[in-house]
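Undergrad: Those protein sequences? They're chains A and B, same order as listed.
All the letters of the first sequence, read from the start, carry residue numbers 201 to 740 under our numbering.
All the letters of the second sequence, read from the start, carry residue numbers 487 to 678 under our numbering.
Hint data in this document are derived by calculation from the structure and do not stem from the laboratory.
If a hint is listed, it holds; no wrong ones were tucked in.
Once the Cα atoms are required to be at most 25 Å apart in a straight line, the calculated BS3-like pairs of lysine-lysine come out as:
1) Lys656/B with Lys734/A
2) Lys511/A with Lys475/A
3) Lys536/A with Lys488/B
4) Lys656/B with Lys728/A
5) Lys623/B with Lys656/B
6) Lys728/A with Lys623/B
7) Lys536/A with Lys439/A
8) Lys358/A with Lys328/A
9) Lys623/B with Lys734/A
10) Lys536/A with Lys489/B
11) Lys671/A with Lys728/A
Partial selection, computed: residues in chain B whose CB lies under 8 Å from chain A:
12) Leu519
13) Gly553
14) Leu570
15) Leu573
16) Pro593
Idealized CB from N, CA, C, for every residue including glycine.
Residue-level listing of the chains:
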Amino acid sequence: MTRIRLLLGDEAIAEGALQAGIKGVYAYPGTPSTEITEYIQHSPVSRENGIHCSWSSNEKTAMESALGMSYSGCRSMVCMKHVGMNVAADAFVNSAMTGVNGGLVVVAADDPSMHSSQNEQDSRFYGKFAMVPVLEPSTQQEAYEMAGYAFELSEREKLPVLLRLTTRLAHSRAAVSITDGKPEIRKRPVADDPKSWVLLPANARRRNDDLTARQPYLERLSGDSPFFRTVMSGNGNGKGIIACGTGYNYVMENRAVQSGFHLMKISQYPVPSEKISDFSGQCSEILVVEDGQPFLEEQVRGIVGRGYPLKGRLSGDLPRTGELNPDNVAAAMGLKNARVFDIPEGIVPRPPALCEGCGHRDVYIALNKVLADYPEAKVFADIGCYTLGALPPFCAIDSCVDMGASITMAKGAADAGLCPAVAVIGDSTFTHSGMTGLLDAVNDGSNITVIISDNLTTAMTGGQDSAGTDKFEAICVALGVGRDHVCVVVPVPKNMDEITEVIREELGYDGVSVIIPRRECMQTLARKRRIARKNQEEGK
Amino acid sequence: MKKDIILSGVGGQGILSIATIIGDAAVRAGLNLKQAEVHGMSQRGGEVESGLRLSDTEIFSDLVPLGTADIILSMEPMEALRYLPYLHEGGYVITSSSPFRNIGNYPEERVMSVLSSMDNAVTIDIEEIAGKNAMPKSANVILLGAAAGYLGILSPEQLAESIRNVFAPKGERIVEMNLRAFETGREYGRRQ
Ligand SMILES: Cc1ncc(C[n+]2csc(CCOP(=O)(O)OP(=O)(O)O)c2C)c(N)n1
Ligand code: SF4
Numbered sequence: 201m202t203r204i205r206l207l208l209g210d211e212a213i214a215e216g217a218l219q220a221g222i223k224g225v226y227a228y229p230g231t232p233s234t235e236i237t238e239y240i241q242h243s244p245v246s247r248e249n250g251i252h253c254s255w256s257s258n259e260k261t262a263m264e265s266a267l268g269m270s271y272s273g274c275r276s277m278v279c280m281k282h283v284g285m286n287v288a289a290d291a292f293v294n295s296a297m298t299g300v301n302g303g304l305v306v307v308a309a310d311d312p313s314m315h316s317s318q319n320e321q322d323s324r325f326y327g328k329f330a331m332v333p334v335l336e337p338s339t340q341q342e343a344y345e346m347a348g349y350a351f352e353l354s355e356r357e358k359l360p361v362l363l364r365l366t367t368r369l370a371h372s373r374a375a376v377s378i379t380d381g382k383p384e385i386r387k388r389p390v391a392d393d394p395k396s397w398v399l400l401p402a403n404a405r406r407r408n409d410d411l412t413a414r415q416p417y418l419e420r421l422s423g424d425s426p427f428f429r430t431v432m433s434g435n436g437n438g439k440g441i442i443a444c445g446t447g448y449n450y451v452m453e454n455r456a457v458q459s460g461f462h463l464m465k466i467s468q469y470p471v472p473s474e475k476i477s478d479f480s481g482q483c484s485e486i487l488v489v490e491d492g493q494p495f496l497e498e499q500v501r502g503i504v505g506r507g508y509p510l511k512g513r514l515s516g517d518l519p520r521t522g523e524l525n526p527d528n529v530a531a532a533m534g535l536k537n538a539r540v541f542d543i544p545e546g547i548v549p550r551p552p553a554l555c556e557g558c559g560h561r562d563v564y565i566a567l568n569k570v571l572a573d574y575p576e577a578k579v580f581a582d583i584g585c586y587t588l589g590a591l592p593p594f595c596a597i598d599s600c601v602d603m604g605a606s607i608t609m610a611k612g613a614a615d616a617g618l619c620p621a622v623a624v625i626g627d628s629t630f631t632h633s634g635m636t637g638l639l640d641a642v643n644d645g646s647n648i649t650v651i652i653s654d655n656l657t658t659a660m661t662g663g664q665d666s667a668g669t670d671k672f673e674a675i676c677v678a679l680g681v682g683r684d685h686v687c688v689v690v691p692v693p694k695n696m697d698e699i700t701e702v703i704r705e706e707l708g709y710d711g712v713s714v715i716i717p718r719r720e721c722m723q724t725l726a727r728k729r730r731i732a733r734k735n736q737e738e739g740k
Numbered sequence: 487m488k489k490d491i492i493l494s495g496v497g498g499q500g501i502l503s504i505a506t507i508i509g510d511a512a513v514r515a516g517l518n519l520k521q522a523e524v525h526g527m528s529q530r531g532g533e534v535e536s537g538l539r540l541s542d543t544e545i546f547s548d549l550v551p552l553g554t555a556d557i558i559l560s561m562e563p564m565e566a567l568r569y570l571p572y573l574h575e576g577g578y579v580i581t582s583s584s585p586f587r588n589i590g591n592y593p594e595e596r597v598m599s600v601l602s603s604m605d606n607a608v609t610i611d612i613e614e615i616a617g618k619n620a621m622p623k624s625a626n627v628i629l630l631g632a633a634a635g636y637l638g639i640l641s642p643e644q645l646a647e648s649i650r651n652v653f654a655p656k657g658e659r660i661v662e663m664n665l666r667a668f669e670t671g672r673e674y675g676r677r678q
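Please construct the entire structure, taking both the sequences and the accompanying hints into account.
TA: Shown next, in the form of structure tokens:
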């Protein structure tokens, strides 16, 4: 039976994966991918079928756990935002060498225009790098259908499959027609093939040759995919468009085929080079419309040759960076979407800020107070709500690069003689990637002061559980930080004297010290209270 | 027939609930719908916007093209103006008139003078109405009520049905309060 549901692109993938009979999803939160895992966590199917869906410490542990599940014969999915691919990359690339047993689908949600990210990297490059199939849905319905298709493909080809989407699809809702059945967990025999799974050079060389030799075959699969399409315009003007992902939607919005364009829709990689070569022969010029970096355009250039009139992001017909929209695509098609009204003069931006009453505020107030006496001090911060400490009125941090970089950058700076070197890191970021760096600092006796601003949650991404809750003192001591230099404070205004005193003391200590200001995130607390009230009302 | 609506406001003002209600009504009415939401950074007191597209034919783009929106529906007056480039000539701006002042340099006079100079701007003091009628948590539904007569593609009755539907899991008391908020909003919408 089918049923219509309004789903985000993220949720459509989750629903498709549930229908495909996964045994587990492994993920670390990250916008715009978070809702995939959250949908599975809230689904009754997960409870009934015992589907693993709790959060992993980071994307690498997630990727490896999923590979283990695949090894044991079950279908598993890994979800992350694009920068998570950097963290998972070692496991991801090598999983293409081992191959998989149960279907393994890796979902990477890219964020063109960087709505909530540090960069605009395009995950399709990772797929090409690892030489595995990459799928790219255009619509919510395709996202749903592609999830099931991805598991079939992965299991049949014995390769991990990368499913790439972008913010606009991940976070846009549309009606999706879904199959309403009780999915059954798929189970294959456990892998029993050390020659594939033990990547000693002798085995790895053979696997590498196999995988490389299969590339032309994988290309053909891309051209035969049910999501691939070529439409030749009846009133053709000879111009062609090759579009993928959300780019295809914008081309359709602008009535490409009716306007005389021949259209090719690509939904799977490696790029089907023969089809593209044929298509280019039937067109006088080609516009490549893709959200993200010019991944497809570069490869199409390689296929059609240097002299061929090719338009896209590299040619400047589409913006070189930033997300596509119906308007910049219209312009590239030689059409014009015109605004009638401008934004009136005098309208000012409204940047996000730390919530009123947030504990991170008290941490920065205290830190600024103390550091006023240390003009040489540098504060290496990290990624999370507390990154907003960069903005006024705090202007309290000097860097924010990648998850965990606060501690290690402070360490490197301290090694170079910078003093005081302070690291500010959130609780979830600390367990994601801060712990190993702290061990380095301890082993070198680096002179750093680390503030783990513990709000008992992963707040930035909407308040998910944090892997290290209740364990931070034990972790720091176990890593070798002196017991006397692991200090816990409660960041509220009335404790300001105590907090500044502790910071001052630890700055004066020549070695690694850790200060843990601990108070629950206001939003997470409010949400918990709402749920408790609701449960009470329902008499649970 | 199509209706493109830009919903705007400040993080936490409940524009996504408005979208959920309209979305539910659209699906029940068999309309196509696309709704691009904003999650992430923008939610901590920053500007938020959601494009809602309804149509009886296929919709391709998740984003509303420039100069084509029929309605800007905003929980905050300055946030209504921020998205004017999406409005088509003759489109409506329906907005709460209560500024949300979480920034130092809020251009209140400017915002009000632009809004009052526009032919098709409907401003409603949602906050006062919500306060007066003791329904502070339903300001967004009051706004939806005020806009109900302008939507066209969905009837107020269909929207009321979806309010029932969407709030049902929260209990009958909440459903009733929101229906009352919706009716109150409709009253004010009619007076404009
Ligand atoms: C590799 C990587 N994974 C995920 C993210 C997304 N992300 C940014 S901040 C954050 C959580 C931060 O949580 P925490 O450190 O506890 O700080 P809080 O937001 O709670 O203050 C996440 C998951 C990212 N930017 N990079
Ligand atoms: S969501 Fe929580 S951690 Fe983030 S700013 Fe608000 S109170 Fe602070």
